[in-house]
Amino acid sequence: MPIAGSSNGIVGRLGLFGRLPGALVFGVVMLLAGPVVAEDFPLRDKYASVGVAPVETEELAASLDAMTVVDARSSYEYETLHIRDAVSIPLASRDFDESVRTLAEESGQPLVFYCNGVTCAVSYKAALKAKEAGIADARVYDAGVFAWAQAQPQHTVLLGEPLQSADRLIAEEAFKGRVLDEDAFYARIQSSADPVIVDIRSKDQRRGVSLFQMRDRHVPLTNDNQDLDGLVQAAMTEKRQMFFVDATGKQVRWLQYYLEEQGVPQYWFLEGGASKIFEGMGLQ
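Just so you know, we're using my numbering here: the sequence shown kicks off at 1396 and counts up by one.
The hints are simulated quantities; they were obtained by calculation from the structure and are not laboratory data.
Mixed in with the good hints, there may be bad ones.
The list that follows gives simulated cross-link-like pairs (lysine-lysine, DSS-like), each with its CA atoms no further than 25 Å apart [as the list claims (entries may be wrong)]:
1) Lys-1441 with Lys-1598
2) Lys-1634 with Lys-1571
3) Lys-1598 with Lys-1524
4) Lys-1441 with Lys-1526
5) Lys-1524 with Lys-1441
6) Lys-1526 with Lys-1598
Label-pair restraints from in silico Cβ distances [stated by the list, open to error]:
7) Gln-1657 with Asp-1532: 37 to 45 Å
8) Glu-1527 with Ser-1586: 41 to 49 Å
9) Ala-1569 with Arg-1635: 18 to 26 Å
10) Arg-1635 with Ala-1542: 32 to 40 Å
11) Gly-1572 with Ala-1457: 34 to 42 Å
Don't be surprised by glycine CBs; every beta carbon is placed ideally from N, CA and C.
Given the sequences, and given the hints that come with them, work out the whole structure.
What follows is the structure, given as structure tokens:
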């Protein structure tokens, strides 16, 4: 397993730690380090210790009328795919505390937060922040929106319309065909004449740290993202390959709908997202 600062792995080869102050390096290590937990839901043990409890798919499906579901992802991800009747309150929004307090008061129901999947911490962070804002009954649906869409397509909305059938989702094979492991991702960047590297993590997820020696563009996904539109159109015109990095390899699944709609021919995703890079450095 590669170690921090070694020549193995993307971050080591691109010299991330050589560009960061010692305090920030320590902060990254402490942020990513944690106890070994159950493989299927790796974040549960960590957040159980602070009182954040999960909701299973079957329980949520049976209790949709008795729970208020909150999508804590970006509004872009929400507009692409979301649980029916879920309320969009991005964790990164400035008025998050006020919004969830108002929602809890108006609904009079427990709040259940979700994001993209079992390795996505956004839902946990949102539930914890809601508790800190005075909402005692805040839980998480940590299986994530993709698992929900597969299990409950009749209660899922895709691009503004009822999903109805999971067959409308981009096939797993079509997604995996665009996903590269760390070595292949790095090698393709190195062999590309003028690659376009885009970090689509939110500001909270990125925490100001570039993984590619500032060669990447930080463009968090938004509903009306002119920066992303400009990058995509320029890349297609100039026939440049595009490389996308998210937090855990989940956000790019929804970005793919946009890229396919735009007809982007050459685009690639990093398997496991930024968390995979840190894992390869031995920090997880």
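Evaluation of the provided hints:
Distance hint between Lys-1441 and Lys-1598 is fulfilled; the C-alpha atoms sit about 23 Å from each other, no more than 25 Å. Pair hint Lys-1634 plus Lys-1571 holds up; C-alpha atoms about 22 Å apart against a cutoff of 25 Å. For the suggested pair Lys-1598 and Lys-1524, the alpha carbons sit about 17 Å apart, so the restraint of at most 25 Å is met. Taken as a hint, the Lys-1441 and Lys-1526 pair is honoured in the structure, with Cα atoms around 16 Å apart against an allowance of 25 Å.
For a cut-off of 25 Å, the pair hint linking Lys-1524 to Lys-1441 stands: about 15 Å separates their Cα positions. Between Lys-1526 and Lys-1598, the direct Cα distance comes to roughly 22 Å. Compliance with the 25 Å bound is thereby established for this hinted pair. At about 42 Å, the CB distance of Gln-1657 to Asp-1532 agrees with the hint of 37 to 45 Å. Judged by the Cβ atoms, the range 41 to 49 Å given for Glu-1527 and Ser-1586 holds: they are separated by roughly 47 Å.
The beta-carbon spacing between Ala-1569 and Arg-1635, approximately 22 Å, falls within the hinted interval of 18 to 26 Å. The hinted window of 32 to 40 Å between Arg-1635 and Ala-1542 holds, with their beta carbons roughly 34 Å apart. A C-beta distance of roughly 36 Å is found between Gly-1572 and Ala-1457, which places it inside the suggested range of 34 to 42 Å.
In terms of the numbered hints stated before, the structure departs from none.
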